[in-house]
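Asks: Let the hints inform the model, and build the full structure from the sequences given.
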Amino acid sequence: MKRSTMAAIALTVSAGLTLTACGGSKPAPGSGSGPRADAYAPVEIGKGYTTKGGNINVLMSSDFQTLDPGNSNYVQTANVGQLYYRTLTMAKETAGKPPTIVPDLATDLGKPSADGLTWTYTLKKGLKFEDGTPITSKDIKYGVERTYARDVYTQAPQELNAALADDSYKGPYSGGDFKAIDTPDDRTVVFHLKQPFAEFPALVSRSNTAPVPKAEDTKLDYTNHPVSSGPYKIQSYDRGRSMKLVRNDQWNPATDPNRTALPDTFTFTLSTAQATISQQLLADSDPTAVTLDSNGGLQASDAAELNKPDVEKRTAGGLLGCTDVLDFNTETIKDPDVRKALALSIDRSAVQVQYGGERFGKLTQSYINSAQRGYVEQHTDLDPTGKPKLDEAKKLLAGKTYPKKLVYGYADANPRYKNVGTVLQQNFKQLGIDLQLRPIPTANYYTVLAGDQMPDIARSGWCGGADSGSVRTTVDPNLGPSVDGETFGFSNIPRYYDPKISRAMYELRGTNGSSEELGRKWATLFDQAMQSYPLVPLVRSYTSSVVGSKVRNAQVGYFFGGIDLSIIGVQH
Amino acid sequence: MTRFLTRRFVAMILLLFVISFVTFSLFQLGPADPAAAACGQECTPQRIAEARVALGMDKPFLTQYFDYMSGLVGSRTVGAPGSETLCSWPCLGKSFQTNEDVTAIIGRALPYTLSVASGAIVLWSVVGVGLGLLAALRKGRFTDKLVVGAASVGVSLPIPVTGLLLLLFFVSTVHLLPFTTNAITSPFGAAGPGGWFLNYLLPWVALAVLFSAQYIRVTRGNMLETFGEDFMRTARSKGLSRRIIVFKHGARAGITPVVTMLGLDIGTLLGGAVLTEQIFSVPGVGFTAVHAAQAGDLPVTMAITMMAAFFIIVANVVVDATYAVIDPRVRVA
Numbered sequence: 001m002k003r004s005t006m007a008a009i010a011l012t013v014s015a016g017l018t019l020t021a022c023g024g025s026k027p028a029p030g031s032g033s034g035p036r037a038d039a040y041a042p043v044e045i046g047k048g049y050t051t052k053g054g055n056i057n058v059l060m061s062s063d064f065q066t067l068d069p070g071n072s073n074y075v076q077t078a079n080v081g082q083l084y085y086r087t088l089t090m091a092k093e094t095a096g097k098p099p100t101i102v103p104d105l106a107t108d109l110g111k112p113s114a115d116g117l118t119w120t121y122t123l124k125k126g127l128k129f130e131d132g133t134p135i136t137s138k139d140i141k142y143g144v145e146r147t148y149a150r151d152v153y154t155q156a157p158q159e160l161n162a163a164l165a166d167d168s169y170k171g172p173y174s175g176g177d178f179k180a181i182d183t184p185d186d187r188t189v190v191f192h193l194k195q196p197f198a199e200f201p202a203l204v205s206r207s208n209t210a211p212v213p214k215a216e217d218t219k220l221d222y223t224n225h226p227v228s229s230g231p232y233k234i235q236s237y238d239r240g241r242s243m244k245l246v247r248n249d250q251w252n253p254a255t256d257p258n259r260t261a262l263p264d265t266f267t268f269t270l271s272t273a274q275a276t277i278s279q280q281l282l283a284d285s286d287p288t289a290v291t292l293d294s295n296g297g298l299q300a301s302d303a304a305e306l307n308k309p310d311v312e313k314r315t316a317g318g319l320l321g322c323t324d325v326l327d328f329n330t331e332t333i334k335d336p337d338v339r340k341a342l343a344l345s346i347d348r349s350a351v352q353v354q355y356g357g358e359r360f361g362k363l364t365q366s367y368i369n370s371a372q373r374g375y376v377e378q379h380t381d382l383d384p385t386g387k388p389k390l391d392e393a394k395k396l397l398a399g400k401t402y403p404k405k406l407v408y409g410y411a412d413a414n415p416r417y418k419n420v421g422t423v424l425q426q427n428f429k430q431l432g433i434d435l436q437l438r439p440i441p442t443a444n445y446y447t448v449l450a451g452d453q454m455p456d457i458a459r460s461g462w463c464g465g466a467d468s469g470s471v472r473t474t475v476d477p478n479l480g481p482s483v484d485g486e487t488f489g490f491s492n493i494p495r496y497y498d499p500k501i502s503r504a505m506y507e508l509r510g511t512n513g514s515s516e517e518l519g520r521k522w523a524t525l526f527d528q529a530m531q532s533y534p535l536v537p538l539v540r541s542y543t544s545s546v547v548g549s550k551v552r553n554a555q556v557g558y559f560f561g562g563i564d565l566s567i568i569g570v571q572h
Numbered sequence: 001m002t003r004f005l006t007r008r009f010v011a012m013i014l015l016l017f018v019i020s021f022v023t024f025s026l027f028q029l030g031p032a033d034p035a036a037a038a039c040g041q042e043c044t045p046q047r048i049a050e051a052r053v054a055l056g057m058d059k060p061f062l063t064q065y066f067d068y069m070s071g072l073v074g075s076r077t078v079g080a081p082g083s084e085t086l087c088s089w090p091c092l093g094k095s096f097q098t099n100e101d102v103t104a105i106i107g108r109a110l111p112y113t114l115s116v117a118s119g120a121i122v123l124w125s126v127v128g129v130g131l132g133l134l135a136a137l138r139k140g141r142f143t144d145k146l147v148v149g150a151a152s153v154g155v156s157l158p159i160p161v162t163g164l165l166l167l168l169f170f171v172s173t174v175h176l177l178p179f180t181t182n183a184i185t186s187p188f189g190a191a192g193p194g195g196w197f198l199n200y201l202l203p204w205v206a207l208a209v210l211f212s213a214q215y216i217r218v219t220r221g222n223m224l225e226t227f228g229e230d231f232m233r234t235a236r237s238k239g240l241s242r243r244i245i246v247f248k249h250g251a252r253a254g255i256t257p258v259v260t261m262l263g264l265d266i267g268t269l270l271g272g273a274v275l276t277e278q279i280f281s282v283p284g285v286g287f288t289a290v291h292a293a294q295a296g297d298l299p300v301t302m303a304i305t306m307m308a309a310f311f312i313i314v315a316n317v318v319v320d321a322t323y324a325v326i327d328p329r330v331r332v333a
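Residue numbers (the numbering used here), protein chains in the order written: chain A, 1 to 572; chain B, 1 to 333.
The hints are simulated quantities; they were obtained by calculation from the structure and are not laboratory data.
Note that the Cβ used here is the ideal one computed from N, Cα and C, for glycine as well.
Do not rely on the hints blindly, as some may be mistaken.
Below, a list of computed lysine-lysine pairs in the BS3-like style, where the Cα atoms sit at most 30 Å apart [said to hold, decoys possible]:
{"no.": "1", "chain 1": "A", "residue 1": "K125", "chain 2": "A", "residue 2": "K92"}
{"no.": "2", "chain 1": "A", "residue 1": "K500", "chain 2": "A", "residue 2": "K521"}
{"no.": "3", "chain 1": "A", "residue 1": "K170", "chain 2": "B", "residue 2": "K139"}
{"no.": "4", "chain 1": "A", "residue 1": "K362", "chain 2": "A", "residue 2": "K521"}
{"no.": "5", "chain 1": "B", "residue 1": "K139", "chain 2": "A", "residue 2": "K219"}
{"no.": "6", "chain 1": "A", "residue 1": "K244", "chain 2": "A", "residue 2": "K219"}
A partial selection of chain A residues facing chain B, derived with a Cβ cut-off under 7 Å [to be verified]:
{"no.": "7", "residue": "G240"}
{"no.": "8", "residue": "T447"}
{"no.": "9", "residue": "A504"}
Replies: This is how it looks when you write it as C-alpha cells:
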C-alpha cells in the first residue's frame, strides 16, 4: 500500500508540475511573427476551389458536448451544425469581417411589422428532412419551443427566447402551447416580440430555429442522431472517438446557395490531445486534416513554426470578433479619474505578450470595431502601441484619495490570466498601489464576477453576442443598461451606471429602426460611457489555423473562430 | 485463509464507501459549480438554477449521495422531473457534459488503458528484471555501473520529459512512428497486432523507462542480498551449474519482492496512467478523468476515482493474499 500510495503521489505531483509547465510557456514579445505588411489581414487557403468529392478529416481534442441544435450554445458545434441542420437565416462568414446574415430556410431575412413587434418568415419550397418528410413551419416552431425547456437542456441558446413575447413558457414537455409563434400555414412562421429588435434576423440564425420533427424528439438522446435538414447526415457517431457525415440525398442545393458542400464525407476524429493535433497539422501528416480547436489547436510556443515556408502557405488566419478587456468594479473604484489613471498606467503591450504576441492577438482601443454596423469613431487616451502613460496617470491621482490595495480576480485554468495580473501588479506598484491576485475556479468565474464576490478588477471577453456585426449586441450586455444603479445585467461586470447614459441605453432597447441607425446611437453612447473608463480594451483575438496540404477554401470564421466547414473543399 | 480473505473483502467494501463519500463531499464543498460551467458567460442566475435542477444538484447533499450509490445495487432514474431517463445497473450516473451513461464512458476508455498498461508492464518487467539480474551478476564491473547509472537517470526522468522527447524524435523529426490514434483499441482490431504495437510503442517505452529503472535497482539489490545467503553458498558448494544456481535458487528468492511490487504497480496503472495518456493523447481512463475533473463532471470523476481505488485495493488484497500463502505468519497478523 505504501508503494502504491507513493506512486500515486508521485504521479499527482508530476501531473501538477506538467500542467503548470505546459500552460506556463511564455514566448518572447511578438515571437514567431516576421515582418508582414498587415499582420492582421485575413489569409484564405485555396480560395475559389469548386471540385466536389473527397473527405475532410476534422481533428478535435474533445467530443461534442451535444449535437442537438436545441441544446447547443457553442460556436464549435454551430460550425459543425451548418453541415447537418439549417436555420431560418444563416450567419455567412467572411474571414476577418463580421458575418453577413443571409436567408437560409426562409425566402428572405423576414418582414417586420410597422411597429417592429412582429416578424414573418416564409419557408422556401422543396425543403425536406433526411427521411424525405417535408419541413414545415410547425417543425421550426417545435425546434424553438424545445429551447424553452431549460430544466432539460442546460445549454440552450437564449437570445431569441429573451426577445420573444411569452418568455415565461416552460417548453413543449410541460408548458402547453407557445403563444409567441404562429404558424398560419405550412410555410409561414410569425414571431411576436416583446419590443422591437433590429437584429432579429440574426437571432433567428441561431440554432433555435433548426427544424425538429416532433415525432423524432427523443429529448436528451436527440443528440445521438439529430434529423438532418442540411447537406450532410450523420452516418455514424461513436462517442469520444469519431463521427462520420455523409451526403444527405434529400438536401436540395437549389434551395441552399450558402453551402458549397464540396467534400463527399466529413470524418471527425475526437479526443486527440491538442498538442498532438498541432504537431500533426504542422507536420502535414494528414493532408486532408483541419481542426476546430480554439487557436487552431496551436500553442503559443508554436508561433515560430508558423514562419516556416511549408507551414505558412498552409496557414489560414483572421481576426475574430472576440476581444478581451479589463473590467473595473465601479462600485469599489468609484472615481472615474482613478479608473482612468489605472488604465493609463497599464503596459498593454506587455499584456499582449502574455496572450502569445501578435500572432495570437491585436492590441485594441475599443470593445467594438469599425466593421460593425453603425460604428462611430471611439475616443480614448490609451496609447495605441500599448505603452503606459505613467506621468499622466500620476497627475490624475495627485491630491486624490484612492485605494492603496486592490484585488485582481482571474480564472485559474489558464496561466495567461494570472500572468496578466503580474503585469498589472508591476504597473500599479508605480502608482503606489498593491495589487493582490485572487484565483477563481474557471467553472464559475463569470458567476463570481456577476455576484457580490466581484473583485476590484477582473478580465473578461466578448465575441460579439447574438449578432457579431451589430454594435448593440456588444454594448447592451456589457455596459448596461441599469435602470436604477442597483441591479445590473449578468454581463455588466463593471456594474456600470450613469443616470443619463444608462437611461438613454434603456430607451434605445425598445426603439424601432434599422440596425445601422440604432448602431450609431449605441456606439455614440458607448463612447460617452468609455470616457469614465469602466473597462480597458486589451487584445482582439487573431487565429492562425494550419490545414493539411490538400485542403482548399479554408478560411477562419470571424464568429466561429475556426475553419468554416460550410465552404471547405479538398483536392483528391 | 478463508477468514483472512473474507476480512480483507469486507474491509475493501468499507474502504470503497469511505472513498466514494470523501470524493462526493469534496465536489460538493469545492468552489467549482458544474451548473455555472454548463451555462457559460451569457448565463443568468435563473438559468443556473434551472441547470442545477436538470443536473439533479438541487437536492440535499445526502439525498444526492444515496441516489448515486443506489445505482451500484440496482437501476435508477436520473434527470429533471418530467424528463427522467432510466440508468440501468450498474448505474454510475450520467455525464453532466454529454448526458451519456458513465458506464459507457468508462467502458470506452478502459480498452485504451488496458492497451497502454499491458505492453508497458511486459516491457518494464522484462527489461527491469533482466537488467537488474545482469547488474547483480556483474557486480562492480563496467556493465553493472552502466546499468545502475542508466537506472539512476531513468528513475529521475519524469514521463513528461521522456514522453515529449520520444514524440519529438520518433514522430515529428524522423517520422519513424505514427501519431497515436484513438481508432486502435486492441491487437485484434482492423489495424492488427502490428498496428496496435506501433500505436502504443512510445507510451510503453515512456512508462518502461520510469518503471524499469526502479525494477533494476530493486532486483539488483535483492539478488545481491540473495547471493550472500547460506542456501546459495550451499548450492555453490554442491557444485551446481551457475545457470541453476542463479535462476533456480537465486532468482526465485530474489525476485519475490519484485512480484509484489509489480502487483501494486499494475493496480495503480489500471486506474489510468494520467500523464502518459495525456502526452500521447490516448483517450483512456486517465485522459477521461482529467477532462471530467476540469469540466466539473462529478459523475464521471466519481466513477473513475472509485474504479482506480478499486483496482489499487484489489491489488493490495491480492498481494497480501500471496504473502499469506507464502508466509503463514501474515494470516494471523
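Asks: Just to be careful: measuring from the Cβ of A504 (chain A) to every Cβ in chain B, is the smallest value less than 7 Å?
Replies: violated (23 Å)
Asks: So if I understand the rule, the pair passes when the alpha-carbon distance is 30 Å or less; does K125 (chain A) with K92 (chain A) pass?
Replies: This hinted pair holds, its Cα atoms lying about 21 Å apart.
Asks: Are the Cα atoms of K500 (chain A) and K521 (chain A) separated by 30 Å or less?
Replies: The hint holds at about 14 Å.
Asks: Decide if the proposed pair is consistent with the structure: K170 (chain A) and K139 (chain B), CA atoms, cutoff 30 Å inclusive.
Replies: violated (78 Å)
Asks: Mind checking the CB of T447 (chain A) against every CB in chain B and telling me if the closest is under 7 Å?
Replies: Since chain B brings a Cβ to about 4 Å from T447 (chain A), closer than 7 Å, the hint holds.
Asks: Checking one constraint from the list: CA of K244 (chain A) to CA of K219 (chain A), max 30 Å. Satisfied?
Replies: The hint holds at about 22 Å.
Asks: Could you grab the alpha-carbon distance between K362 (chain A) and K521 (chain A) and see if it respects the 30 Å cut-off?
Replies: Holds, at about 26 Å.
Asks: Are the Cα atoms of K139 (chain B) and K219 (chain A) separated by 30 Å or less?
Replies: violated (69 Å)
Asks: Using 7 Å as the Cβ threshold, decide whether G240 (chain A) counts as touching chain B.
Replies: holds (5 Å)
When the structure is compared with the earlier hints, violations turn up for hints 3, 5 and 9 and for no others.
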